[in-house]
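K.L.:
Letter by letter, the chains look like this.
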Amino acid sequence: MTEPGLKDIWVYLSASPLLGLTMTLVAYGLAYRLYLRTRSNPLANPVVTSVALLIAALLVTGTTYDEYFEGGQFVHFLLGPATVALAVPLYQQFSRLRQLWLPITLSLVCGVVIAAASSIGLAWLLGGSPEIQMSLAPKSATAPVAMGIAEKIGGLPSLTAVLVVITGITGAVLGTKLFEWIGVKDDTARGIAMGVAAHGIGTARAFQVSPRMGAFSGLAMALSAFATALVVPWLVDMMQGLAGG
Amino acid sequence: MNFLNGITLLLVYQLVGEVAVRLAGLPIPGPVLGMVMLFLTLLIRGRAPAAVDQASSALLSHLSLLFVPAGVGMMVHFGRIAEEWLPITLALLLSTIITMVATALIMQVTSRWFAGPLENGGPGDD
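Order-wise, the sequence lines are chains A and B. Residue 143 in our numbering sits at position 19 of the first sequence; the count goes up by one each step and never skips. Residue 301 in our numbering sits at position 80 of the second sequence; the count goes up by one each step and never skips.
In short, the hints are calculated from the structure, not lab data. Some hints here could point you the wrong way.
[Claimed, not checked] Computed from the model, here is a short list of chain A residues facing chain B with C-beta under 10 Å:
id : residue
1  : L142
2  : L143
3  : L182
4  : G186
5  : F201
6  : G204
7  : L232
8  : V236
9  : G295
10 : L298
11 : A313
12 : M318
13 : G326
[Said to hold, decoys possible] Footprint (simulated), chain B over chain A, 3 or more residues, beta carbon under 8 Å:
id : segment
14 : 160–167
15 : 209–219
16 : 274–286
[As the list claims (entries may be wrong)] Anything over 12 Å on all C-beta distances counts as not near chain B; from chain A, calculated:
id : residue
17 : V135
18 : S140
19 : F331
Each residue gets a CB set at the ideal place from its N, CA and C atoms; glycine is no exception.
Can you make the complete structure from the sequences, with help from the hints?
P.N.:
Here it is as structure tokens:
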């Protein structure tokens, strides 16, 4: 038997979940440090930096996404309990929620319709194929809901999952600046807008701003998941009817 | 032990949510229903137990981390995105901006109508 060479060690590591998991945590640790260094500049969003670092590392080492996800799935899994956990900050904001349920409901319904209609309309104007339009339509909803809807209306679920992540990142990076420009200062309104447009990734960003913005963003994300599932298939039928007639 | 109890409770709610969604054929993900059920439970009980509070803060304090593995999935779709990059990137960017601006403004205007002007640091702030 020969000594195990570097190559054998690599073969072992790339077949075990340890590497993917450790890489994810290390990349996030570096990305988070950079984020703090830039004094929480939204452009240095830790999701963006860690995803970029990891994709670069995977491409350089010739690792496939499936191999990486063997380890990544352990982190990914925690999204489920984290979604359930959003009930706690929301409960702590209950008095405000009760006071504002009507404006919240109105904004949510409008926001969900605007999100879907504008993405279909813009993609159509810019010459995107119907498949792309339908994959973009549910992009503001949380990934599992968006994928289910995309399948129903003729999009590509796995492409939708990616578009959902990019949408979330876009919202998280631009959100606070946009709210400053249009003069929306209240964290409840900011949170609702963030959750409707940019689901969980926006919510993660909102929690970095304030607990209240995070709580309302989480609420908006959950409610717009319901609303998107109900409204988007119907909206698509209507828009196709208009385009065809 | 406290933390473990909290995590267990979150997982139980998620599990019940997943099962209920499948049994009832609802078009929403199980964890979202689990969140609604936990919210209702907290309302009925009138307080959030320390264990749940602890586990929830621990998970939510680094919520961004949890999206990283899904984000890396982008690499699988580089080809498809490159083919139609213009409609994809522009529609995605503009639509996200429009949605965010419109929702924030609608929320700001309607909450003035229905609840009087809101200031940051008003009642109910932490």
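K.L.:
Run the C-beta distances from V135/A to all of chain B and say if the shortest one exceeds 12 Å.
P.N.:
holds, 22 Å
K.L.:
Does L298/A meet its interface restraint, that is, does its C-beta lie within less than 10 Å of any C-beta in chain B?
P.N.:
Since chain B brings a Cβ to about 7 Å from L298/A, closer than 10 Å, the hint holds.
K.L.:
Hint check: is the beta carbon of G186/A less than 10 Å from a beta carbon of chain B?
P.N.:
Where the cut-off is 10 Å and the nearest Cβ of chain B is about 12 Å from G186/A, the hint is violated.
K.L.:
Is the hint on G204/A kept, meaning its closest Cβ partner in chain B is under 10 Å away?
P.N.:
Status holds, d = 4 Å.
K.L.:
Let me know if the C-beta of A313/A comes in closer than 10 Å to any C-beta of chain B, holds or violated.
P.N.:
For A313/A, the interface hint holds, since the closest Cβ of chain B sits about 4 Å away, which is under 10 Å.
K.L.:
Can we keep the L232/A interface hint, with Cβ of chain B closer than 10 Å?
P.N.:
Constraint on L232/A satisfied, holds at 8 Å.
K.L.:
Answer holds if the nearest beta-carbon of chain B is closer than 10 Å to that of G295/A; otherwise answer violated.
P.N.:
OK, holds: G295/A within 10 Å of chain B, min 5 Å.
K.L.:
Examine the segment 274–286 of chain A: at least three residues should have C-beta closer than 8 Å to a C-beta of chain B.
P.N.:
holds (count 5)
K.L.:
Would S140/A pass as off the interface with chain B, using Cβ distances and a cut of 12 Å?
P.N.:
holds, 16 Å
K.L.:
A closest beta-carbon separation below 10 Å is what the hint needs, so does L182/A meet it against chain B?
P.N.:
holds, 7 Å
K.L.:
For the hint on L143/A, just tell me whether its beta-carbon gets within less than 10 Å of chain B.
P.N.:
violated, 13 Å
K.L.:
Do three or more residues of the segment 160–167 of chain A come closer than 8 Å to chain B, measuring C-beta to C-beta?
P.N.:
Per the Cβ count (0), the hint is violated.
Checked against the numbered hints above, the structure breaks hints 1, 2, 4, 14, 19 and satisfies the rest.
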